[in-house]
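Peer 1: So you can see what is in the structure, the chains are spelled out below.
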Amino acid sequence: MPGHDAPGASAGPAADGLSAGPAADGVRLDVSDLEVRLGRGHRDSRVYRDGADVVGEVSFAVRAGQVLGLVGESGSGKTTVVLALLGHSRRGLRISAGQVKVDGVDLLRLPPAELRAFRGARVAYVPQDPSAALNPALRVGTQLREAMRVHPGVVDDPEGRILEVLREVHLEASPDLLRRYPHQLSGGQQQRVGLAMAFACRPSLIVLDEPTTGLDVSTQRHVLDTIRSLCRAYGVAAVYVSHDLAVVGGLVSEVAVMYSGRIIEIGPTARVFGDPLHPYTRGLLGAVPSPLMAARLTGIDGQPPRPGRRPAGCSFAPRCGFATDECRSDQPAPVHVDSRAVRCLRVTQVRADAGRAPAAVGGLAASGGETPVLSLRGVSAGYGRKAVLSGIDLDVPAESCVAVVGESGSGKTTLARCIVGLHGNWTGDITFEGAPLAAAARDRPRQVLRRVQYVFQNPYTSLNPRKTVGQIVAQPLEQYLRLRYQERSERAARALADVSLGADFLSRYPDQLSGGERQRVAIARALVVQPDLLICDEVTSALDVSVQAVIVELLRALVAERRIAMIFITHNLALMRSIAQSVAVLRDGAVVESGPVEQVLEHPADPYTIRLMEDVPKLAFPGAS
Amino acid sequence: MAAAAPEVPPGRPAPAGAPASAARAGRHPWLSVLWTAARTPRGAAGLAMAVLVVLVALAGPVFAPHSPNALLTLTFAKPSGQFPLGGDELGRDVLSRLLDGGRLLLFMAAVATAIGIVAGAAAGISAAYLRGAPDGIIMRSVDVILSFPQLVFALLLLSLAGPKSWLIVLAVGVSHAPAVARVIRSATLDVAERDYVKVAELQGMRPVKVMAREILPNLISPLMVEAGLRLTYSIVIMAGLAFLGFGQPPPAANWGTMINENRVGLPLNPWAVIAPAVLIALLTIGTNTFTDAVARVAIGVDRRPEEAALVDELGPEQA
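Chains as they are written, first to last, in my numbering: chain A, 197 to 821; chain B, 2 to 320.
If you are wondering where the hints come from, they were derived from the structure by calculation, not from laboratory data. Heads up, the beta-carbon is just placed ideally off N, CA and C, and yes, glycines get one too. Mixed in with the good hints, there may be bad ones.
Cβ-Cβ distance ranges computed for the label pairs, FRET-style [unchecked claim]:
| no. | chain 1 | residue 1 | chain 2 | residue 2 | range |
| --- | --- | --- | --- | --- | --- |
| 1 | A | H284 | B | R264 | 51 to 61 Å |
| 2 | B | E194 | A | R573 | 24 to 34 Å |
| 3 | A | E683 | B | L131 | 45 to 55 Å |
| 4 | B | L131 | A | P632 | 22 to 32 Å |
| 5 | B | D144 | A | D707 | 53 to 63 Å |
| 6 | B | A111 | A | T338 | 26 to 36 Å |
The shape of chain B in the complex, shown without the other chains (with noise of 0.2 Å):
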């Protein structure tokens, strides 16, 4: 009950047992966002394919029947009861190197996804707010990586440097950036125009402050659809590059990796490259169907009939 409580945890969503409120649940406003997406068909479809594949990928390793790397059975063997989707181009298990070859890819996925939303936001947010020089500077730069295509740019670190994991998660993100800063600039500066960032500039607030108290928390929406959709990006980039040869090193299983290995065996077993390729399809478009169902939520056009109305009706008199 005291004046600048802390932030309730956003761990609380909306109260599930009584929906019609939710509406009202106003704590985290992007949270019930996405608790209204997810109740949308086409949210809830989205979110359903995303789920299916991150459980594979997370669960997977304690389901694998076999050792990923063990050669148990002949090159290309049709699949049969011990080896459900036969054999990959060294006679290894393709189940247990599916279920294997996940993890490490979302989870590389999600950091170079955060590396990207981190610092193309970072720099979006400051050259909206401070305007003249620094925005000419930060956003020439941005105009500059950007006037390379993603997959080049990371191919010419990782040509230079060779494969490394870290390398790159960091040449993923950083490709990101210069995308998600020019979304992220245009949607602060609006924001940066609201009489409520006027408010704290004549309380003397700096700069670095209103941009972290007042513009950031209201570039939630934006940047979860940026998350999402750079997610998708970073997962279709690191399988293209494993497919390409800049994966991890050999032995270990990727699913962008297997694409490359067994296609050469496409016409003796089909299910070691269709398996994970069907995995990263369901990923990116249930990502970005998910996403999509978020953005339109958040813009109104799925709303909740009732808040739809009311705000129409209750909204100020003059904009």
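Bound conformation, chain A alone (with noise of 0.2 Å):
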């Protein structure tokens, strides 16, 4: 058991940087100043001799059952802080100062021989994606032996341990289980297979980085539920990188924010998540949508600063409503208050300025009566012989948001490839406007197309990366309406002032923007055309939590203000909570439950959507008031 030599001492100095409180006993993990920095060195060193630090100043300590929540947005050094707790650097990047104790252990000075023997059975890693981190080739039994292999003598019975672990990832411990491959499993159990080969030498130490994220919301708590047992059963200290506050909320104990390479606020979760102090926390949990009330969202402007290009003091600063002229030219350092650390030099102005309490979105009433400007009847589709959809009725009422909810693989994405003409293998008989719609795109009138407009998942693969914005957001313009180039180049321009983007962005490329500009680019090439019906595909979960408030701010704005229609299609019940007046919920390609948003949130009838309901993770903490 975890009692080991606890650095009490050492970690004293309340000073030395962002530690929630002294080393108690039991402190399985004590991180000190750890800094990572550009890589120097490398070949061509001659250009970056002075590596600028990716993450710095990162303190913190794990005691022995607990589990640390490290989240902040995509680029603030999540995933490189916890790579080094393994004494790991990706490549380009190097650990260039601080410890990483575990157990009194510090990993960063062991010699590389020794550093090997510690990784895997001391500390362990899940990843993010389970089916890309399992090798396809290899059976699960060979990949769970192997660990145990690499490290010889750190358990006595292999065999046995094996079979003992994956009862405790609730996997069936049967042979069976252990001859299939990869691809044979489902998501959940993939990840459960994780998270057994992470626990099978019983470490001291377990990194898990978003180890959830691509599961679907019921998976998900059962995983988590099982990473909590076993971090509790075995002692282990645990900590949890996640971008998803509501998934750490109801996980971890403590919780680490981090922003632009800095840990900007740590301390207990109620506390952090209850009543943040530091004003870019209390952006994150603003931004996130609630399932149980139709929230306005408020996301974070603007973007964080990439290493090298920090501003002189503090790197929130230029997103900071509190901000003075004093965080723009002074480094803050870590305050302490209330139980926690804040890197903020305005705690007191902020913590004054009681929380406004998220306000709700009136005013939504479905606008019913009217012929619907889409439907669908009896909608049927697949690729190949296997049905995707089935029988799927939906109604799109003019002027109003219809949300269409689904799990990976109910149906979803192929029912808005069936609308716009994408999958043209479909039967059944959709309606727009009065008119059928013929199946595939190229069949149809341009005008047609031209007023249902579709906006992609991934803003990364819909621009295409050869071509300016402008270029972009022009050729709708030219394919549909045939316009000339100087009233493109004008309607262009307007169309991203629209959405919030200056006239300096025409000129730029895809890769110079940001995933939430990105976004927004694709917004405006769709609503360049002035269409009737837009249908959002996922269009937010590419981006961070902050970054997909604005995105949703903007969409609700501009649909009612040009009175389209719009349907938005999403996984994230609560998201969609804040957007649509009605709902359907689509379950193995059918529609299982539709009405109203908040009857079907508020009193499901359908067993699936009632389980959904009770399993999607919520962020609630009493005290924000």
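Two chains, each in its own frame: build the complex with the hints.
Peer 2: So this is what it looks like as structure tokens:
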């Protein structure tokens, strides 16, 4: 059991950085002043001699049986920190300073051979995507045994241990399962195998890098329950990285919020999420949609600075509503307030500013009565012989937003592709403003194509990387409307202004934009031709929660202002609540329940919807008055 | 500042004065790929070798001390002050012939490569994008041509019509096309499934336009690599054809022909064979090394550390 030499004395000084408190007994992981810099010593070192720090001044401690949550937007350095916990740095980076002590042993000072022996046996890693992390050519049993074979002597009875650990992660401990290949398991089962591999050697520290990101809500909930009970049972210290605040809120006892390579707030989860003190933490929490109410989401505009381009003062100052001149010139040191540490010069002012409760969105009455803009009757579709959709009925009233929710594999995207004509192999009737639509896009008149616009899920693949933003937004004007060059340019600039992008974006290329900016460009491209129906397919799933909030609010405003109808496809029940008036719940290619949003979410009738609502992680902490 | 602005001229490389911003020189991403590749040790070495030989070939005729075809010295004369590389089988100056014999070879190789790349890319993109019957017809024809060894295919055409320069170029170019088509087809299969291609289809864009405007610009990297590779093959094949006697008609100098003509005199004046052989070797090794560096940069093995780290960190949450 844990009682190792707790480095209580060495981690004492309060000014050493951000540690939530003095290290007490049972500290299994103690990180102090960790710093990772950009590639000095690389071949290209002529250019990057002075590598900027990617993360720095990172200090925290985790006790046995506890889980520390590490949250932040992409690019905040979360993954860089947790890889450093294994003594690893990615190509082009190197760990330049600090200590990572696991049970008192500093990983970063170990010679390579000892570090290798340490990894897997004492420190384990659970990666984000189990389907990519498991070797598809090896059987599950082989991969589980591998962990123990490379660390002989750590476990007495490897075969017995395998069956034991499989039971612990709630997998059937049978020879049949061990003989299977990863592709014969579901996503949840794959991630359980990943967990079993990590726990097999009974490590002291487990690092979990967004292990539930790709999973459905119900599976996610079960995997999270497993993680929680295992950490407690084994007395391991765990670090859980996630961008999903609701997931972290329900799992971890202590949370660290990262921004631009620094921990800007760390403390007990209930305090940090219940009464956030850093303006950034507040912003993040305000951006999280709730399945319990139709909240107006407040995002954080702008994007975090890149390593080496941080402003002189606080990195968050350019996006912060509380920032003063002092914030822009002085680096904030951690301040210990109310059982946590915060890097903000204006903590007292932020605290005094009573956090506004999320504003409810009013007046979302479904405008019914009129003939629907789009209506589907008995639509079925499939790929080859495999049926994906069966007998879908759906009406989209004018000027309203209909959400289509479902888990992965439920057929949401196929439904959208049938409507826009990308998936030509469907049967049934789809009528748009009373006229039937041809199956495939190439058989539809140009004007019909123009009036139904589609925004793709992933803005990283929906914009041609070889075209400027101006060319991308002007292209539909040329294709649909045959406008002249001058007219196209003017309209494109106006469309960009509508999505809050300046004229200087016209000449940029997509790779110079952030994810949120790219999705704005995609929305501008859809709206520039004044469609009557906009289909948004998981448009925020590739984006950070703060950016997601901005995009959803933008869509809501634009759609209301232009009185166009929208189909909003998502797997996120909470998000849909903030934008849609009615909803259709899709499961295995069939609509299991539909109706007004409040009715379906508050009084779900179908067992499937009831389960979804129970399993969706909710971020509910008292105190954020 | 206008929308759909004409493309920035590609002649503007990444800001040379501020290399740190080269990663952001997104005007033409493939230009920055070339630029980055040229700065890796591998790429720099390859480029230096290739450029040296190209300079010799282009500027050579100006500096040639004698006429390449005049009979000036003894057959296979040893190198001397007046003739640094000695004489050839007819007593012509080896140095002058060497300096004169590269230009046409390189020019023909470049044209043949262009023919091969254009034809191969057109076939490969159409096959992959149109799928179905066109794919079958194009790729099966490709398989048929591929079943002939390249050199045999060229020899077959030349033995039928005789060694004419345009026919050599055409034969070598056509023999490249199938291999290029295969590579470009598989690259296109990936690009054709991207969402921006679907967007163009939803805008009612004609297939030819989709291929030319949406797909082709995204194939620049594989095309550059193919072009480099095919250029070396062209040079080797043409030199080889010349060696076999299917070069330009006799008096004209050509590195390949020189090796053939002078190999009987190898014991007397080895330079008449070694010098052209070294130039051909330098050029093929150089272009291959540089092409290799470009490919490594394009797939990210030798990417700049900052860029690689940021792509990992800032990439899409789910690809």
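Peer 1: Decide, hint by hint, whether the structure agrees.
Peer 2: Hints, verified against the model:
| no. | hint | result |
| --- | --- | --- |
| 1 | A:H284 <-> B:R264: 51 to 61 Å | 57 Å, holds |
| 2 | B:E194 <-> A:R573: 24 to 34 Å | 30 Å, holds |
| 3 | A:E683 <-> B:L131: 45 to 55 Å | 33 Å, violated |
| 4 | B:L131 <-> A:P632: 22 to 32 Å | 28 Å, holds |
| 5 | B:D144 <-> A:D707: 53 to 63 Å | 37 Å, violated |
| 6 | B:A111 <-> A:T338: 26 to 36 Å | 53 Å, violated |
Hint compliance for this structure: hints 3, 5 and 6 are broken, all remaining hints hold.
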